[in-house]
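Participant: Turn these sequences into a full structure, and let the hints guide you.
2 protein chains.
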Amino acid sequence: MSQMIPAERSVRVNLGDRSYDILIGPGLIAEAGREIAARLKGRRVAVITDENVAPRYLETLMASLAQSGIEAVSLVLPAGEKTKSFDCLIPVCDAILGARIERNDAVIALGGGVIGDLTGFAAGIVRRGSRFIQIPTSLLAQVDSSVGGKTGINSPHGKNLIGVFHQPDLVLADTGVLDTLSQREFRAGYAEVAKYGLIDKPEFFHWLEQNWQAVFAGGGARIEAIAVSCQAKADVVAADERENGLRALLNLGHTFGHALEAATEYDSHRLVHGEGVAVGMVLAYEFSARMNLASPDDARRVEAHLRAVGLPTRMADIPGMLPPAERLMEAIAQDKKVKGGKLTFILTRGIGHSFVADDVPASEVLSFLKEKHPQ
Amino acid sequence: MSQMIPAERSVRVNLGDRSYDILIGPGLIAEAGREIAARLKGRRVAVITDENVAPRYLETLMASLAQSGIEAVSLVLPAGEKTKSFDCLIPVCDAILGARIERNDAVIALGGGVIGDLTGFAAGIVRRGSRFIQIPTSLLAQVDSSVGGKTGINSPHGKNLIGVFHQPDLVLADTGVLDTLSQREFRAGYAEVAKYGLIDKPEFFHWLEQNWQAVFAGGGARIEAIAVSCQAKADVVAADERENGLRALLNLGHTFGHALEAATEYDSHRLVHGEGVAVGMVLAYEFSARMNLASPDDARRVEAHLRAVGLPTRMADIPGMLPPAERLMEAIAQDKKVKGGKLTFILTRGIGHSFVADDVPASEVLSFLKEKHPQ
Ligand SMILES: NC(=O)c1ccc[n+]([C@@H]2O[C@H](COP(=O)([O-])OP(=O)(O)OC[C@H]3O[C@@H](n4cnc5c(N)ncnc54)[C@H](O)[C@@H]3O)[C@@H](O)[C@H]2O)c1
Ligand SMILES: NC(=O)c1ccc[n+]([C@@H]2O[C@H](COP(=O)([O-])OP(=O)(O)OC[C@H]3O[C@@H](n4cnc5c(N)ncnc54)[C@H](O)[C@@H]3O)[C@@H](O)[C@H]2O)c1
Ligand SMILES: [Zn+2]
Ligand SMILES: [Zn+2]
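Same order as they appear, the protein sequences are chains A and B. Mapping to the UniProt record's numbering: the first sequence position 308 is 308, numbers consecutive. Mapping to the UniProt record's numbering: the second sequence position 75 is 75, numbers consecutive.
Source of the hints: derived by calculation from the structure; they are not laboratory data. A portion of the hints provided could be inaccurate.
Copies of one chain are not kept apart here, so a pair can be met inside one copy or by any two copies together.
As the list claims (entries may be wrong) - Keeping only pairs whose Cα atoms sit at most 30 angstroms apart, straight-line, the calculated BS3-like set for lysine-lysine is:
#, residue 1, residue 2
1, K370, K41
2, K339, K82
3, K159, K82
4, K372, K41
5, K370, K82
6, K82, K41
7, K41, K159
8, K342, K41
9, K339, K41
10, K201, K372
Facilitator: Spelled out as structure tokens, the structure:
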């Protein structure tokens with residue numbers, strides 16, 4: 001990791017004529033008008049945000065847009081996962097069309113992953129695809145959901161089941177706004193940052209072990225951690241835009257994590273996504289050790305770091321009762337589909353050496369879960 | 001045109017690894033199970049249809065699917081343009097997810113363009129894109145809407161404003177089912193058939209002038225006309241999937257047509273889409289003559305043919321009052337966007353010699369409309 005950390009960074013997502021920039025640094029919302037005007041032919045935007053973000057940052061954004069001669073309307077939605085629904089999608093589409101956003105204009109998402117996923121979906125379907133700008137305001141959105149073009153809403157049948165691939169034209173990650181994010185949400189996003197190290201960047205994980213307090217504090221180390229994370233995601237997305245292969249690595253910790261989210265009924269008081277991923281990554285490392293793929297020391301090292309930052313790392317850390325191992329296994333099987341008793345899983349040979357294993361015996365996973373979570 | 005007309009035809013839409021077949025012939029619904037089983041890895045489908053089509057053809061389709069070992073669920077929606085709405089999209093998505101349609105399974109649209117557009121959109125967004133089979137049952141759907149991947153619903157702000165490009169994996173055009181289509185709907189679809197001749201197939205238009213009664217009667221001539229139309233649309237779609245250029249030619253007659261649909265408030269008692277296109281094509285030919293691009297004889301020939309089949313060809317043929325020329329002009333400007341007083345229009349140099357003109361003076365269009373439609 002470089003010692004000289006610049007105040008602003010940029011990462012390019014290479015997707016041919018749909019390539020785009022991610023700008024990372026403090027104060028970017030106040031500069032949004034200039035950055036957008038420099039890239040957009042049109043002079044009209046619709047801004048979608050939520051009720052936590054709006055009082056803090058909407059005015060700054062609107063003023064910056066106005067200063068650059070960009071006409072903007074805004075729509076403020078309730079905060080929270082329930083907003084990723086048809087109920088909210090419909091007014092968002094209406095707002096975009098009502099603002100007469102056309103071919104050269106753009107739709108802007110100002111908020112966390114919920115606003116980004118919903119707004120990106122609306123941008124993807126209005127006029128069969130409209131320009132889209134992400135201004136992610138949570139750490140999770142800055143390092144994960146705003147990059148890569150996956151958009152969507154939830155269905156009564158499951159999370160993220162309805163959506164489209166629709167790449168943004170620009171991502172503005174204002175690292176300053178993370179100061180108002182709750183510690184818990186910041187930590188949850190941090191789990192995804194650590195994930196990039198654990199997938200294939202051992203030195204980055206090592207750097208995080210040394211520098212995580214500086215990342216939490218803000219400033220250069222935070223920018224650096226976000227830039228490395230965005231670069232990691234950008235590389236995977238450029239190589240596998242539609243998640244046919246490599247992109248699956250990004251699911252490290254997510255198979256267990258999703259099962260735990262389902263088991264806690266997506267109740268954010270008990271577990272938020274990043275927390276599930278933290279517990280899930282530890283489980284993935286432990287399971288890899290049990291399969292004699294990695295050393296148990298690596299699992300212990302992963303757990304020690306995540307625990308140090310304040311993340312849950314064991315099933316027992318999750319408040320309330322969890323269903324028995326068999327029920328968790330059912331959730332995993334639903335998420336992943338079992339073929340001939342075998343599962344696809346992201347496993348690891350050590351810190352930063354993860355891989356896609358597509359022949360994991362479901363029976364091994366079940367006995368592992370029973371061991372970890374005895375009734 | 002060939003004299004030996006086979007009982008079944010097929011047209012291939014060339015789109016690289018998303019290429020697909022259009023099969024055209026009588027009795028294809030009864031053979032759907034076999035055709036689908038031969039192409040689909042999965043063994044589960046969800047069939048979406050409407051209340052006019054279901055009592056006539058749903059049982060045949062379900063039986064054919066069952067015979068080929070394909071498990072199917074079905075959903076019957078109200079008929080009519082209002083079905084292209086979020087109100088119907090939501091239950092369609094629900095039905096698809098409830099049927100556990102996965103990567104190798106498929107969603108089937110059995111119906112006219114309304115069911116095709118709505119179902120294709122749902123297939124395009126469930127799991128960010130599911131396999132999709134079109135079984136178009138109206139002439140318009142067989143020769144136009146089922147081919148090319150444009151899907152979508154209407155918004156209070158306008159028609160087809162929300163949707164995605166999502167190509168089908170197979171189109172089964174059962175020409176036998178057109179026998180139960182109302183004469184009026186058949187004629188409306190026929191306007192789009194004639195359109196392909198008028199765009200760039202002068203001999204096809206000539207053939208239609210000779211053979212239209214056989215096309216209306218059914219049998220080989222009908223299959224031939226549908227196959228030529230599908231081939232024409234397939235060629236345009238392969239050359240310009242996302243409508244950036246050439247595909248605009250398919251809008252011959254549609255700029256005037258859409259303005260008339262808007263002027264009649266999409267009231268199908270007064271005007272259905274194909275009727276608007278018929279009047280619009282005559283207007284496009286007349287306007288081209290007025291601009292000294294084509295001979296007035298060509299406009300007269302187009303009108304004579306469309307009138308012979310029973311289509312409206314003049315604004316005065318539309319029942320009820322039309323708004324003044326100025327209001328029609330506003331609708332055109334909304335549809336097309338005026339740049340510096342200039343419009344993009346599909347004009348013609350004669351039968352089968354249409355082209356995209358992007359510098360048509362709006363003032364000329366207005367005085368032409370005033371002439372055609374004096375108050
Ligand atoms: N599209 C993808 O590739 C992808 C990847 C990962 C996660 N996701 C999705 O992202 C969502 C989770 O994202 P999230 O964690 O950002 O959730 P979120 O959008 O709900 O944000 C978390 C909370 O923080 C608030 N908030 C956001 N920014 C703030 C700020 N700067 N100051 C104060 N409060 C702020 C929000 O109002 C919300 O209450 C999930 O729906 C998940 O499915 C998508
Ligand atoms: N996607 C595209 O590229 C594209 C192109 C052109 C038109 N469209 C859309 O297509 C729609 C119009 O399509 P349409 O004209 O087929 O309308 P439609 O689907 O409403 O069908 C017309 C009527 O015929 C009935 N019907 C259909 N098949 C029948 C049969 N075999 N026997 C008896 N009744 C039958 C239907 O129930 C309906 O009442 C419009 O919404 C238009 O926007 C889409
Ligand atoms: Zn995640
Ligand atoms: Zn048409």
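Participant: Compare the structure with each hint and give your call.
Facilitator: We went through each hint and held it up to the structure:
1. Taking identical chains as interchangeable, the C-alpha atoms of K370 and K41 are never at most 30 angstroms apart, the minima being 58 angstroms within one chain and 35 angstroms between chains.
2. With identical chains, the CA atoms of K339 and K82 are never at most 30 angstroms apart, being 32 angstroms at best within one copy and 42 angstroms at best between copies.
3. For the homomeric pair K159 and K82, the shortest alpha-carbon distances inside one copy (10 angstroms) and between copies (29 angstroms) are both at most 30 angstroms.
4. Taking the shortest Cα distances, K372 and K41 never come within 30 angstroms of each other, neither inside one copy (56 angstroms) nor across copies (38 angstroms).
5. In this assembly of identical chains, the alpha carbons of K370 and K82 never lie at most 30 angstroms apart, being 32 angstroms within a copy and 53 angstroms across copies at closest.
6. Taking identical chains as interchangeable, the C-alpha atoms of K82 and K41 are never at most 30 angstroms apart, the minima being 34 angstroms within one chain and 35 angstroms between chains.
7. Taking the shortest Cα distances, K41 and K159 sit within 30 angstroms of each other only across copies (25 angstroms), while inside one copy they are farther apart (35 angstroms).
8. Taking the shortest Cα distances, K342 and K41 sit within 30 angstroms of each other only across copies (19 angstroms), while inside one copy they are farther apart (51 angstroms).
9. With identical chains, the CA atoms of K339 and K41 are at most 30 angstroms apart between copies only, with a shortest distance of 15 angstroms across copies and 49 angstroms within one.
10. For a Cα distance limit of 30 angstroms, the shortest separation of K201 from K372 inside one copy, 28 angstroms, qualifies, whereas the shortest one across copies, 71 angstroms, does not.
Hints 1, 2, 4, 5 and 6, counting from the list given before, are not met by this structure.
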